[in-house]
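Number of protein chains: 2
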Amino acid sequence: MEVKSRAPGKIILAGEHAVVHGSTAVASSIALYTYVSLRLSTPSSENEESLKLVLKDVDLEFSWPISRIREAFPDYVALLSSTPASCSGDSTKSIAALVEELSIPEAKIGLASGVSAFLWLYLSIQGFKPATVVISSELPLGAGLGSSAAFCVALAAALLSVTDSVSVDLCQQGWHSFGEKELDLVNKWAFEGEKIIHGKPSGIDNTVSAYGNIISFRSGNLTRMKSNVHLKMLITNTKVGRNTKALVAGVSERMLRHPGAMAFVFSAVDSISKELTTVLQSPTPDHLSVTQIEEKVEELMEMNQGLLQSMGVSHATIETVLQTTLKYKLASKLTGAGGGGCVLTLLPILLSATVVDKVIAELESNGFQCFIAGVGGNGVEISFEHSS
Amino acid sequence: MEVKSRAPGKIILAGEHAVVHGSTAVASSIALYTYVSLRLSTPSSENEESLKLVLKDVDLEFSWPISRIREAFPDYVALLSSTPASCSGDSTKSIAALVEELSIPEAKIGLASGVSAFLWLYLSIQGFKPATVVISSELPLGAGLGSSAAFCVALAAALLSVTDSVSVDLCQQGWHSFGEKELDLVNKWAFEGEKIIHGKPSGIDNTVSAYGNIISFRSGNLTRMKSNVHLKMLITNTKVGRNTKALVAGVSERMLRHPGAMAFVFSAVDSISKELTTVLQSPTPDHLSVTQIEEKVEELMEMNQGLLQSMGVSHATIETVLQTTLKYKLASKLTGAGGGGCVLTLLPILLSATVVDKVIAELESNGFQCFIAGVGGNGVEISFEHSS
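The listed protein sequences derive, respectively, from chains H and F.
UniProt numbering puts the first sequence at residues 1 to 388.
UniProt numbering puts the second sequence at residues 1 to 388.
No wet-lab data here; the hints were simulated from the structure.
Worth double-checking, as some hints may not be accurate.
For chains that are exact copies, the list does not tell them apart, and a pair is met inside one copy or across any two.
[To be verified] Derived BS3-like pairs (lysine-lysine); straight-line CA-CA distance at most 25 Å: (1) Lys245 / Lys296; (2) Lys93 / Lys358; (3) Lys245 / Lys327; (4) Lys329 / Lys239; (5) Lys329 / Lys245; (6) Lys327 / Lys239.
Based on the sequences and whatever the hints tell you, model everything.
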């Protein structure tokens, strides 16, 4: 039997950077997914039993003999899959040894932490069972769209779905969601994986990926909410790598140089985030037409983008995207850390496909990569495929 | 004898739009001038006596026989040039009649109000004396650089300098300034001229043009201050005509839609304006190097520009200028109403001429017009030329 799972990426709709200084931010899931396929091996004596990880997008395949894994974890005590645990110092060393033995090409060495997270989640939840895990993703890596969180969430979901810790209906057809308790467990395990990849993740990316929809967050408190509006975003990846730490530090330094002005800038962003959550939750179509809501969101995006520029986190490529979409009277804002990364452009529901094609063609002619995705959809889902 | 006067244009360094909502704004003079040459005619019987106005830049020449002017003002009572007065209803009609008789080409009909202001100032200060007045300017018209105020200030200065209302040293060589009392008078008369051209001017443009330097203003209160820093600005005229009223109304409407966020945006601008006045008045080079001051000004400009964008008053052409100057790591902001108009770019003192040439060439290849001007210099000045 094959278990498939998919977990969405995320975008920051409003409040990035300002959230570090106490403002509200709003994140949402996007309908771009990371897929995990898990196939537990049936016992066989022909081949040596092994754990296989296939990263389809980057064309890499890793395999560990189960005997080698056992050897790396001599004192292994089975964890309870119902009790998410952090990777201890000893386990970190054992995993590092297993990853070092792989021949990851230098150019793709950034994947090593993801492989480590994979090993931790796999061993913690499935122990020494041989299996083949195939990963593929619609999300660009390292572009601020939550690809690592989607990876951890999808992986945790697939691994947990074949344990006693979650009860799922194996006979249900197609993609289906978990119950609330199951999602909590998936989310907690995914967070443990994120910690291996990012050190000190905020927990926002995995939460959005697990539960989907929209999340507002402020001072470490996350509030989940359901959007009543179906927004469609054009997401443009400028492909310019960002140094998130340096960008965050830059804003803090500007805050120290101009405490008065910057405090007002952050407060303005806080108002925008709060307004956005109100707009997105407004009951439609009774109160406002979809077009009216889209116009409000566009205005809030434009205002937030201006405030991000005043924080100094824009970038020439971001400005190029803004300039290009402005020609078509479309509102855009950077999403995430800025300094490159991705830019959001709202695609109004009544916008013609011809215009969308033109905008994308023009953006891609600049070497950017474009995605279209619905905003605020479902979180992680699974599907069972029974081979005949 | 010929009297020459020159009056500078102005730029808004910080605070445009926000000033309408109670924030502080900062304006400064720029070393781009409107020149007036006044030559009172010596009594002659050969030609009919007339008042001649030559607008050199637009290639127009107007002439009124003195007898025709007398006829238009049958009840003329000489005003005291020392007591600036508003153009009354009757005078407005008489002037309108004189202007209507001119054959101003349709494309240049916008100049009619300037000609009216000229007639009011001339008749009020010089009465029915025949003369030739020649005007030329380095300032683009209607681009938000205070060309009409510079015109009124230079005109009032030239006209007053040959009356008893101001005491000037006719023998002094070259350009020289007025005393404080004389400047007050010039400024008041210029304001009367501005009222004819603009209806309800703020008084900021003529005040900057008369006194020069830097002026901060808030809720109708003007504070003159002297800058200790010599900044050089690249001023790019996008040549896109602005509808100032519509732009101001647009910001007010956005304020009504998003009162919370916009109030913080305006407060942030207020902080920026105040910081800017502090930076510009900081004693140099004791406290900060010129480069440090320039960096501070650049950061404040970038922050202000972001806030203007969040007010929605930017424009595709403004973004093009920003994008272009950003490539050369130069900071820019729109100045004035936005929606086209002019953009300021700080030119650091250590910036090489080669880079400046490159930036200008690139901007001009977009059809823009570039000026380089010192900021915060002298106000109106006069010079007497004694023909031998």
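Each hint, compared with the structure:
{"no.": "1", "hint": "Lys245 / Lys296", "verdict": "between (32 Å within a copy, 23 Å between copies)"}
{"no.": "2", "hint": "Lys93 / Lys358", "verdict": "neither (51 Å within a copy, 56 Å between copies)"}
{"no.": "3", "hint": "Lys245 / Lys327", "verdict": "between (33 Å within a copy, 23 Å between copies)"}
{"no.": "4", "hint": "Lys329 / Lys239", "verdict": "both (24 Å within a copy, 21 Å between copies)"}
{"no.": "5", "hint": "Lys329 / Lys245", "verdict": "between (33 Å within a copy, 21 Å between copies)"}
{"no.": "6", "hint": "Lys327 / Lys239", "verdict": "both (22 Å within a copy, 18 Å between copies)"}
Hint 2 from the list above is the single one not met by this structure.
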